[in-house]
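Visitor: Please take these sequences and the hints and turn them into a complete structure.
Residue numbers for the sequence shown follow this note's numbering, so the first one is 39 and each next one is one higher.
Keep in mind that the hints were calculated from the coordinates and are not lab data. Treat the hints with care, since some could be wrong.
Pair ranges (Cβ atoms, derived) [what the hints assert, rightly or not]: (1) Asn-333 to Val-793: 38 to 48 Å; (2) Leu-685 to Pro-881: 41 to 51 Å; (3) Asp-615 to Gln-351: 46 to 56 Å; (4) Ala-561 to Arg-310: 49 to 59 Å; (5) His-206 to Arg-554: 24 to 34 Å.
Taking lysine-lysine pairs in the BS3-like style, the calculated list, with each CA pair at most 30 Å apart, reads [unchecked claim]: (6) Lys-202 to Lys-247; (7) Lys-790 to Lys-843; (8) Lys-264 to Lys-344; (9) Lys-247 to Lys-264; (10) Lys-328 to Lys-264; (11) Lys-479 to Lys-264; (12) Lys-264 to Lys-893; (13) Lys-646 to Lys-202; (14) Lys-202 to Lys-328; (15) Lys-617 to Lys-479; (16) Lys-344 to Lys-328; (17) Lys-247 to Lys-479; (18) Lys-641 to Lys-202; (19) Lys-264 to Lys-202; (20) Lys-202 to Lys-470; (21) Lys-247 to Lys-617; (22) Lys-470 to Lys-247; (23) Lys-470 to Lys-641.
This one's a predicted model, so the numbers in the text were calculated from it and none came from an experiment. Where a beta carbon is used, it is the ideal one built from N, C-alpha and C, also for glycine.
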Amino acid sequence: MNTVPTRARIRTLLRLGVIACAHSTPQTFAASQASTEPAKQAIAPRPDTATQEAEPTQAAKKAKPAEALTDLPIVRLRVKPTSEDQGVRTFDADRLRKAPMIGNDINSVLRLSPRIQVSNTQDNSLTQGEIAPAELSINGAKPYQNLFLLDGLSLNNDLDPAAKDPAHYADVPGASLGMPIDKELVCDVELLDSNIRAEYGGFQGGVVKAELCDARRSLGGRVTWKVARSGWTNIYVDPARADALAQSNSETLQPRWNKQFWTFSGEARPTRTLGVVMQASIARSEIPLKGFASNQTPGDPSLSNKTQLREQQDVMAKISWRATDQTNTWLTLRHQPLDDRYFNINGRDTEFDIRGGGTLVAAGASTNFESWTVRQELSWSDMQNSRRGVVPYMRVWSWSAADKNWGDGSRGTTAISTEGAWGNVDTTQQTKSYSLRAAAKRAIPAWGWDHLLRGGLQLSQREADYSRPNDHLVYLGTTAYRVATNTCTSPLGVVDTESCSLARSNRFPNSGQFWRFRDNYQAGSFHVEAGQYGLWLEDRATRGSLTLTAGLRADRDELAGQATLAPRLSGQWQLDDQKHSVLEFGLNRYYGRSFFNAALREKRETLKVTQTRRASDWAWVDSERSLPTNSLAEMEVPYDDEAVLGLRQRLGQHLGGTLKWVHRESRDQLVRVRLRDTSGTFSNNQYFRYENSGRGSADVVSLELMGTLAHDWLGARHGLEFGTGWTRTRSNHVDYEALLAEGDADRDIVFKGQVIRYSQLPADNFNRPLMANLSLVSDWLAQGISLSQSFRWTGGYRRVANTGKTETRGTDVLDVFSETPFPSAYSWDISLRWRPNWGFQRPFMQLTVSNLTNKRNIISISSTGIVNYETGRSATVQMGYEF
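Guide: Take a look at the structure:
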C-alpha cells in the first residue's frame, strides 16, 4: 500500500491542528481568564516561553506502524502558563496583528477592554496625521499613572507626561508612554486592571506588560509595510471651521497627511540553547500646512507652505541563552529615537524638533531550584524630552521693504517679520534598577491551608536633568524693547548687524529699528535624583474551593521623602465542583509615582535674564534676573484604594464570561495651586505651588464574554469577544497641571441646581459612561483568509464647564457649573487579511477600514459651540512577507 498520501494527509492535519490551536487559544475561556489553580510544574518557568514537542494522537499511533511516520517533521508548540492574576486580559501576536485598528501601537488594541477609556483627542477627525499612541485611562485613573513594561523594564516617562504644548518657551511636551510599542513587534500583551499583585508598584491605574518574542526558528524573518493617507479618509469638520482647515497652519487642524509604517524582524537559533531576535521599525507621517496665517501673505513665497513631520524609529534585539537545564538568561537591547518637526507660523527659521524616546538595556536570569524559582533582572534606561531649533535666537522685527521683508507688509504699522523660535531645551531621565523575585514551586500546608509564597525586592536610582545647552537670545517686538534709531554703529565704531537695522520700516517710517532690551535664556541646568526601594511579600493560600491572595508592598520614594505600605487582598471562591462559576473579590491599595517636573520647575525661570545695552559701548549687560514662578510643597505619594467584586462564569465548552465591579478612590493627587506672594520671592507677587490636593473617584461595571463558536460556520472558525462597561468618574482636576486657586480643591459649587464639592464634579475627559464592543474574528484556514470585525458603541459624552455665572446660597457666592450632553456613537471597523500557506514563503496583505459606515460621531463641543467629530471612513493597506 502506498503510504505517501497518508503521510501527506497527516502532515496537513497536524499543520491545521497547530494553526487552529494557535487561533483558538486566545479566545478560549481558559486562556483569556485567570486560572484558579497555580500553573502546573510541567510548564517550563519563564524567562519568557518554553517549547514542548507535540505528542501524536492515539488515532495517529494506531493508523500506521512507527516506521511509516519517520519522515514527519517535529512540531513545536509555544507554551505559556495561564496567568494567576484575576484582572488580566491577554492579547497574543495574532490578535494584535489582525485587530482592525488604524494605529500601529499596542494602545490602539487595548481600548477593546471595557475598563479602559481613551482620550477624546485620539479619534479627532482633524488630527489623524499624528502617530503618537493614545492616552489611556484604566479604571478612572490619570493616563500618566499607568505602568508600562517591556520584558519587565519600565517604559514610563516621568519627566513631564502631562505637558502637551510643543511651542512653550520653557516646557517640552511629554507622554505617559515614553517609548511606544509597535504591535507588530511583540508576542503578547497583558493588561492588568484590577486585583493586581503586590509584585507591581508605582501605578494607580493599571499595568500593561508587553513581551518580545524568543527565537523559535533556526532562521526566519518578517517584513511589513503599511500606509494610511488623508485621501483615503473622510475628514468631518464643523462648517464654521471648514475654511480654517483648508488653509490650516496649525497641527490642531490637519487637512492632509501621509503615514507609513515599516517593520523588519529576524530570528535565529544558532544552537539549541541560544536564540537571537532582532527587530526594527520606522513610522513616519508628513503633514503639509500653510506657513502663514490665512489673512497674511509672506514677502518670501518660499515660506508659504511648510511640512510638519512625525517620526519614530525603533531598533530592538533580544538574546536568550539556556545556560543550564535549570537556568535561563536573556539580554534585551532597545534604542528608539522619536522626532517630531514643528514650526511657528509667520516667520523664517522657525522650525524646531521635539525629540523623545531613549535607550534601554536589560539583562536577566531565571533559575529553577528544587523548591523555588528565582528571577533576577538588572536594567538601565535613558529617556529624553528635548527641543532643538534652527538658530540660537528669536527676533520680532518691524517689517521693512528693503531688509526685513519676509513677513506680510500689508498689515500697516503692526506688520512684523519673525525669525527663530524659543531655543534648545533638554530634559533627560536615567534609571538604574535591580529586581529579585522568588516564587515557591510547591505549596506549604499549614493551619488547614495550602500556602504558595512569593516575594521580592526592587531597587532603583532615578536621575533627571533640565538644561539649556546654550544661551538663547529673544528680541521681542514690544515698544519697550524695540525703538527707533538712526545709527547702527556703537560709540566704539562697531556696526551691529544682529539687533539693528537702518532700513525704513512700517513701524518707524523715518528711521531704522534698534533693540535696547533683550531676554537671554542662559545656558544652565538643574539636577534631581532620588532612590526608590520596594519590598513585597505575597501568600496565595488555598483551602478547598476558596483561594485568598494576601500581599503587602513596602516602598520608599526619596523624591517624595515618604515610605508607604500598600496592602493587597484578593480572593476566588469556586461555587461549583466543575469550577464553572468563580466569585472574585478584592481590597487593594496602589501607590503611584512621583514626577520630576514639579521639582525641576522650582528654579527653571531663573535661567532667564533681561539684558540692556551699556551706553558707553552698547555691550549687553544683565539688568534683571527672573524670579521663580513655581514652588514645591512637602509632597505625599498619591494613591488609589480599590474594591473589586466579580463573577467569572464558564458558559459551555467554548464560551466564558466575567461580570465585574471596580470602585476606586483617588487621594493626594498632584495639582497646581495659584497663591499670592508678599515676600518678593516670586514673580508678579504670585506663584504656583504643587501640592497633593487632587482627589477623585471612579466606579466601573463591566461584562466580558470570550470564546469560540462550537461549530464552523460558512467554512470558517470564529472567535468571539464581547465587552460592555458602565463608568462614572469624578475628579477635581484634569491632570497635575490643572490650575486651581487657593481653596479650589474642595470648594462648594452649584451643579444641576445642587450645592456639591468641586471634587465631586464628573471628569471632563476619559468619562464616557457607557460603552460596548463586539469583536468577531473569522478564519478560513485552507484559503489563508482572516476577517476581523469590531463593532464599537459608546454612550453620550457629557462636557462639564463653568458657566461664568454665580448663585448666592446663604452668605456664599458660588460658581455655577453645567454639562452639555452629546449623542451616542458607534463604529464598525473591519480588517481583511490574506496570508496564503505557501510552505516557508508566506506573503500577506491586509486591508483595514475603520468606521465602515462613515458615521458622523460627535466627540465634543467647545465653549464657543464648535463641534469636533470622530474620523469618518478611513482605510489602511498593509503588505508583508514572512519566511
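Visitor: Between Lys-328 and Lys-264, does the CA-CA distance stay at or below 30 Å?
Guide: holds (27 Å)
Visitor: Given the proposed pairing of Lys-264 with Lys-344, does the C-alpha separation stay at or below 30 Å?
Guide: holds (25 Å)
Visitor: Are the Cα atoms of Lys-790 and Lys-843 separated by 30 Å or less?
Guide: Measuring from Cα to Cα gives roughly 13 Å; hence the hint holds.
Visitor: Between Lys-247 and Lys-479, is the straight-line Cα distance small enough, at 30 Å or below?
Guide: holds (23 Å)
Visitor: Is the Cα-Cα distance between Lys-470 and Lys-247 30 Å or less?
Guide: holds (19 Å)
Visitor: Taken at face value, is the distance from the CA of Lys-264 to the CA of Lys-479 at most 30 Å?
Guide: The hint is violated at about 45 Å.
Visitor: Run the distance test for Lys-202 versus Lys-470: straight-line Cα separation, threshold 30 Å.
Guide: This hinted pair holds, its Cα atoms lying about 27 Å apart.
Visitor: Taking 49 to 59 Å as the hint, is the beta-carbon distance of Ala-561 and Arg-310 inside that range?
Guide: The hint (49 to 59 Å, Cβ to Cβ) holds, given that Ala-561 and Arg-310 are roughly 55 Å apart.
Visitor: Between Leu-685 and Pro-881, is the Cβ distance one that fits in 41 to 51 Å?
Guide: holds (45 Å)
Visitor: Take a quick look at whether Lys-344 and Lys-328 sit within 30 Å of each other, Cα to Cα.
Guide: holds (6 Å)
Visitor: Does the structure keep Lys-202 and Lys-247 at a Cα separation of 30 Å or less?
Guide: holds (25 Å)
Visitor: Check the hint pairing Lys-247 with Lys-617 against an upper bound of 30 Å on the C-alpha distance.
Guide: holds (27 Å)
In the structure shown, a violation is registered for the earlier hint numbered 11 alone.
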